[in-house]
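Chains as they are written, first to last, in my numbering: chain A, 1 to 199; chain B, 1 to 104.
For the record, the hints were derived by calculation from the structure and aren't laboratory data. All C-beta atoms, glycine included, are put in the ideal place defined by N, C-alpha and C. Don't take each hint at face value.
Capping the alpha-carbon separation at 20 angstroms, the derived lysine to any residue pairs in SDA-like fashion look like this [what the hints assert, rightly or not]: (1) B:Lys13 <-> B:Thr69; (2) A:Lys20 <-> B:Ile65; (3) B:Lys13 <-> B:Ile28; (4) A:Lys56 <-> A:Arg127; (5) A:Lys56 <-> A:Val192; (6) B:Lys40 <-> B:Ile28; (7) B:Lys13 <-> B:Lys40; (8) B:Lys13 <-> A:Val99; (9) A:Lys20 <-> B:His64; (10) A:Lys56 <-> B:Thr35; (11) B:Lys13 <-> A:Val80; (12) A:Lys56 <-> B:Lys40; (13) A:Lys56 <-> B:Ile48; (14) B:Lys40 <-> A:Ser60; (15) B:Lys13 <-> A:Leu177; (16) A:Lys90 <-> B:Ser7; (17) A:Lys56 <-> B:Phe30; (18) B:Lys13 <-> B:Ile65; (19) B:Lys40 <-> A:Ala54; (20) A:Lys56 <-> A:Lys20; (21) A:Lys20 <-> B:Ser7; (22) A:Lys20 <-> B:Lys13; (23) A:Lys56 <-> B:Ala34; (24) A:Lys20 <-> B:Val8; (25) A:Lys20 <-> B:Ala51; (26) B:Lys13 <-> B:Leu77; (27) B:Lys40 <-> B:Val57; (28) A:Lys90 <-> B:Thr69; (29) B:Lys40 <-> A:Leu199; (30) A:Lys56 <-> A:Pro125; (31) B:Lys40 <-> A:Gly197.
Covered, in the sense of this in silico footprint (three residues per stretch, anywhere, with C-beta under 8 angstroms from a C-beta of chain B), are these stretches of chain A [to be verified]: (32) 22-32; (33) 38-46; (34) 80-94; (35) 176-186.
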Amino acid sequence: MTASASTISPPPTAEQYEEKEFGFWLYLMSDAAIFALLFATYMVMVGNTAGGPAGKELFSLERAAGETALLLLSSTAFGVAAVALSAGEKSRTLIWLLVTFALGSGFIFLEAGEFYGMIQEGAPPERSGFLSAFFTLVGTHGLHVSIGLLWIAVMIGQVLFKGLTAPVASRLMRLGLFWHFLDIIWVVIFSVVYLPGLL
Amino acid sequence: MDSSGYSVERTIKPYLIGLALAVTLTAIPFALVATGALTKGVTLGIIIAAALIQIVVHLRFFLHIGLRTPRENLIALAFASVLIFIMVGGTLWIMFDLYHRMMV
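If we strip away everything but chain A, and leave its shape as in the complex, we get (with noise of 0.2 angstroms):
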């Protein structure tokens, strides 16, 4: 296909739609894959601490409910502007992907704080085979809602700039598929990392 015909072909399709946001479905279930061979590789390497730090230590239990919390209103952040996309309204979908980036932003600074502070106090990811499947599993967590964030912004330019169409507002169902599967990650983390480690 020439440049030139593929800006003449015609919108996609109700039925290519569906296609796209099933691609997207496999995507995330492959994705799921991998989270849960991380979750394996951290179940077998949490008690080899090396002399080190263990979880008890290391883990505060009020950050983790301020993580859990803020990502949740994300993601309930995120249902609120599908909603207003449903009704076709388009400010109040850009304030509620606001809200979503704040939340999830909220997230990642209190993750990005406590990565830093694990550093400071000896226990980085080369110190024990269990801080090394820490900071893999809840990092690669914390790199897919560092690149949600990035798509929540491309959504906003995009809503801002091409209005409510078709084409964004399926990459918005695609996006809002993509949080709603990170909240899920996050609680598998919550309760296989955080509280049984603090217990």
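Let chain A serve as the given structure and place chain B on it in line with the hints.
Only chain B this time, still in chain A's reference frame:
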């Protein structure tokens, strides 16, 4: 909205139900760890149970997985679940079996 080829139908109700259930299912394990009210084993069991229920709550109320979800999406989800069960279960089984054989 612009209905050419793509439409979204979302209401606020499922998100609020999901939020309420998620808050409850998060508060229970956090409170148990904070207070240490129950024994370690029981608390761990409740943490795992609450997490599994919360995953279903998120899938149902935030990701809108249900009977009207396209069949191939559900098959992909089921396949991924089986895959995760085999990989995580198999890893833990092999590694802890190995651990016990090395220690004894």
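Hint check:
1. B:Lys13 <-> B:Thr69: holds, 18 angstroms
2. A:Lys20 <-> B:Ile65: holds, 17 angstroms
3. B:Lys13 <-> B:Ile28: The hint is violated at about 23 angstroms.
4. A:Lys56 <-> A:Arg127: At roughly 16 angstroms apart (the allowed maximum being 20 angstroms), arginine 127 (chain A) and lysine 56 (chain A) satisfy the hint.
5. A:Lys56 <-> A:Val192: holds, 13 angstroms
6. B:Lys40 <-> B:Ile28: holds, 15 angstroms
7. B:Lys13 <-> B:Lys40: violated, 37 angstroms
8. B:Lys13 <-> A:Val99: Status holds; Cα separation ~19 angstroms.
9. A:Lys20 <-> B:His64: holds, 17 angstroms
10. A:Lys56 <-> B:Thr35: holds, 15 angstroms
11. B:Lys13 <-> A:Val80: It holds: about 10 angstroms lies between the C-alpha atoms, which stays within 20 angstroms.
12. A:Lys56 <-> B:Lys40: holds, 14 angstroms
13. A:Lys56 <-> B:Ile48: Since the Cα atoms of lysine 56 (chain A) and isoleucine 48 (chain B) sit roughly 19 angstroms apart, the hinted pair holds (cutoff 20 angstroms).
14. B:Lys40 <-> A:Ser60: holds, 18 angstroms
15. B:Lys13 <-> A:Leu177: holds, 18 angstroms
16. A:Lys90 <-> B:Ser7: holds, 15 angstroms
17. A:Lys56 <-> B:Phe30: holds, 15 angstroms
18. B:Lys13 <-> B:Ile65: With Cα atoms ~15 angstroms apart, lysine 13 (chain B) and isoleucine 65 (chain B) stay inside 20 angstroms; holds.
19. B:Lys40 <-> A:Ala54: Given that 20 angstroms is the threshold and the Cα spacing comes to 17 angstroms, the pair holds.
20. A:Lys56 <-> A:Lys20: Since the Cα atoms of lysine 56 (chain A) and lysine 20 (chain A) sit roughly 44 angstroms apart, the hinted pair is violated (cutoff 20 angstroms).
21. A:Lys20 <-> B:Ser7: holds, 14 angstroms
22. A:Lys20 <-> B:Lys13: Status violated; Cα separation ~27 angstroms.
23. A:Lys56 <-> B:Ala34: Judged against 20 angstroms, a Cα distance of about 12 angstroms means the pair holds.
24. A:Lys20 <-> B:Val8: Distance ~15 angstroms between lysine 20 (chain A) and valine 8 (chain B) Cα, so the pair holds.
25. A:Lys20 <-> B:Ala51: Violated, because 30 angstroms separates the two Cα atoms, which is more than 20 angstroms.
26. B:Lys13 <-> B:Leu77: Given that 20 angstroms is the threshold and the Cα spacing comes to 24 angstroms, the pair is violated.
27. B:Lys40 <-> B:Val57: Not OK: lysine 40 (chain B) and valine 57 (chain B) at ~25 angstroms, beyond 20 angstroms, violated.
28. A:Lys90 <-> B:Thr69: violated, 27 angstroms
29. B:Lys40 <-> A:Leu199: Distance ~7 angstroms between lysine 40 (chain B) and leucine 199 (chain A) Cα, so the pair holds.
30. A:Lys56 <-> A:Pro125: holds, 16 angstroms
31. B:Lys40 <-> A:Gly197: holds, 11 angstroms
32. 22-32: holds (count 6)
33. 38-46: holds (count 5)
34. 80-94: Coverage by chain B holds here, the residue count being 7 at a Cβ distance below 8 angstroms.
35. 176-186: Answer holds; 5 residues pass the 8 angstroms Cβ test.
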